[in-house]
Amino acid sequence: NAGVTQTPKFQVLKTGQSMTLQCAQDMNHNSMYWYRQDPGMGLRLIYYSASEGTTDKGEVPNGYNVSRLNKREFSLRLESAAPSQTSVYFCASSDRGRRNTIYFGEGSWLTVV
Amino acid sequence: QKEVEQNSGPLSVPEGAIASLNCTYSDRGSQSFFWYRQYSGKSPELIMSIYSNGDKEDGRFTAQLNKASQYVSLLIRDSQPSDSATYLCAVNPYSGGGADGLTFGKGTHLIIQP
Numbered sequence: 258n259a260g261v262t263q264t265p266k267f268q269v270l271k272t273g274q275s276m277t278l279q280c281a282q283d284m285n286h287n288s289m290y291w292y293r294q295d296p297g298m299g300l301r302l303i304y305y306s307a308s309e310g311t312t313d314k315g316e317v318p319n320g321y322n323v324s325r326l327n328k329r330e331f332s333l334r335l336e337s338a339a340p341s342q343t344s345v346y347f348c349a350s351s352d353r354g355r356r357n358t359i360y361f362g363e364g365s366w367l368t369v370v
Numbered sequence: 012q013k014e015v016e017q018n019s020g021p022l023s024v025p026e027g028a029i030a031s032l033n034c035t036y037s038d039r040g041s042q043s044f045f046w047y048r049q050y051s052g053k054s055p056e057l058i059m060s061i062y063s064n065g066d067k068e069d070g071r072f073t074a075q076l077n078k079a080s081q082y083v084s085l086l087i088r089d090s091q092p093s094d095s096a097t098y099l100c101a102v103n104p105y106s107g108g109g110a111d112g113l114t115f116g117k118g119t120h121l122i123i124q125p
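Heads up: the sequence lines are chains A and B, in that order. With this note's numbering, the residue at position 32 of the first sequence is 289, and numbering never jumps. With this note's numbering, the residue at position 14 of the second sequence is 25, and numbering never jumps.
In isolation and in its complexed conformation, chain A is listed as follows (with noise of 0.2 Å):
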């Protein structure tokens, strides 16, 4: 059982590149989600969806997009990456409902240069 699997693990980027990372969850979960975590802020919303054909903006979606291209994949991009984009992104899913708890991804550690 893989879970939620995310790709590539690490990436490096120059400034205004642009990358997809890849997110596909095996548990037939409905939502998904992306985060980041840098030093000091903890794990911050960028993007969720709550179910196959929607998404919406959480607390920091700034030079982000998204694509729920089905229900079991979530991918994130950054159109013109920029330094203050280096960080560790994390995709996680879960089951809605009042308990939803959040299963996460491995990580994917990105640096812009």
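Source of the hints: derived by calculation from the structure; they are not laboratory data. Note that CB positions come from ideal geometry on N, CA and C, so glycine has one too. Incorrect hints may appear among the rest.
[Claimed, not checked] Computed Cβ-Cβ distance ranges for the label pairs, DEER-style: (1) A:337 with B:53: 23 to 31 Å; (2) B:82 with A:260: 28 to 36 Å; (3) B:27 with A:311: 48 to 56 Å; (4) B:122 with A:334: 35 to 43 Å; (5) B:66 with A:260: 44 to 52 Å; (6) B:52 with A:311: 31 to 39 Å; (7) A:334 with B:77: 38 to 46 Å; (8) A:260 with B:63: 25 to 33 Å; (9) B:70 with A:366: 28 to 36 Å; (10) A:264 with B:91: 32 to 40 Å; (11) A:334 with B:27: 47 to 55 Å; (12) A:318 with B:56: 24 to 32 Å; (13) A:343 with B:38: 29 to 37 Å.
[To be verified] Mimicking PhoX-like on lysine-lysine, the simulated pairs with C-alpha atoms at most 25 Å apart in a straight line are: (14) B:13 with A:314; (15) B:13 with B:78; (16) A:314 with B:117; (17) A:266 with B:78.
Fit chain B to the supplied structure of chain A, relying on the hints for placement.
Relative to the frame of chain A, chain B by itself:
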């Protein structure tokens, strides 16, 4: 604004002692509460969830919830060096099954001294 507050630490505890981690939250409507453990360079891993006032025990871990005081805690008994990690408190602020994710505290760095 929804907020979850934790002492960043580091919290240093001798091996075998009880580690006590605390968390407060601002949204009185919050219904679900979680503790995640995160080792350096790894992703957060769920270790406890609690939904009702009182204590919930799972092995060496006990989660405590007091909604009136908006306070959640995690106790780790018989602390082991492998418990050294950052512990994240997370809160689901919606009662109806919000899908917009959890609000996380910044985490408490716990060090268990052998």
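To see whether the hints hold, each was checked on the structure:
| no. | hint | in the structure |
| --- | --- | --- |
| 1 | A:337 with B:53: 23 to 31 Å | holds, 30 Å |
| 2 | B:82 with A:260: 28 to 36 Å | holds, 31 Å |
| 3 | B:27 with A:311: 48 to 56 Å | holds, 49 Å |
| 4 | B:122 with A:334: 35 to 43 Å | holds, 38 Å |
| 5 | B:66 with A:260: 44 to 52 Å | violated, 29 Å |
| 6 | B:52 with A:311: 31 to 39 Å | holds, 33 Å |
| 7 | A:334 with B:77: 38 to 46 Å | holds, 42 Å |
| 8 | A:260 with B:63: 25 to 33 Å | holds, 27 Å |
| 9 | B:70 with A:366: 28 to 36 Å | holds, 32 Å |
| 10 | A:264 with B:91: 32 to 40 Å | holds, 33 Å |
| 11 | A:334 with B:27: 47 to 55 Å | holds, 49 Å |
| 12 | A:318 with B:56: 24 to 32 Å | holds, 26 Å |
| 13 | A:343 with B:38: 29 to 37 Å | holds, 31 Å |
| 14 | B:13 with A:314 | holds, 16 Å |
| 15 | B:13 with B:78 | holds, 15 Å |
| 16 | A:314 with B:117 | holds, 21 Å |
| 17 | A:266 with B:78 | violated, 39 Å |
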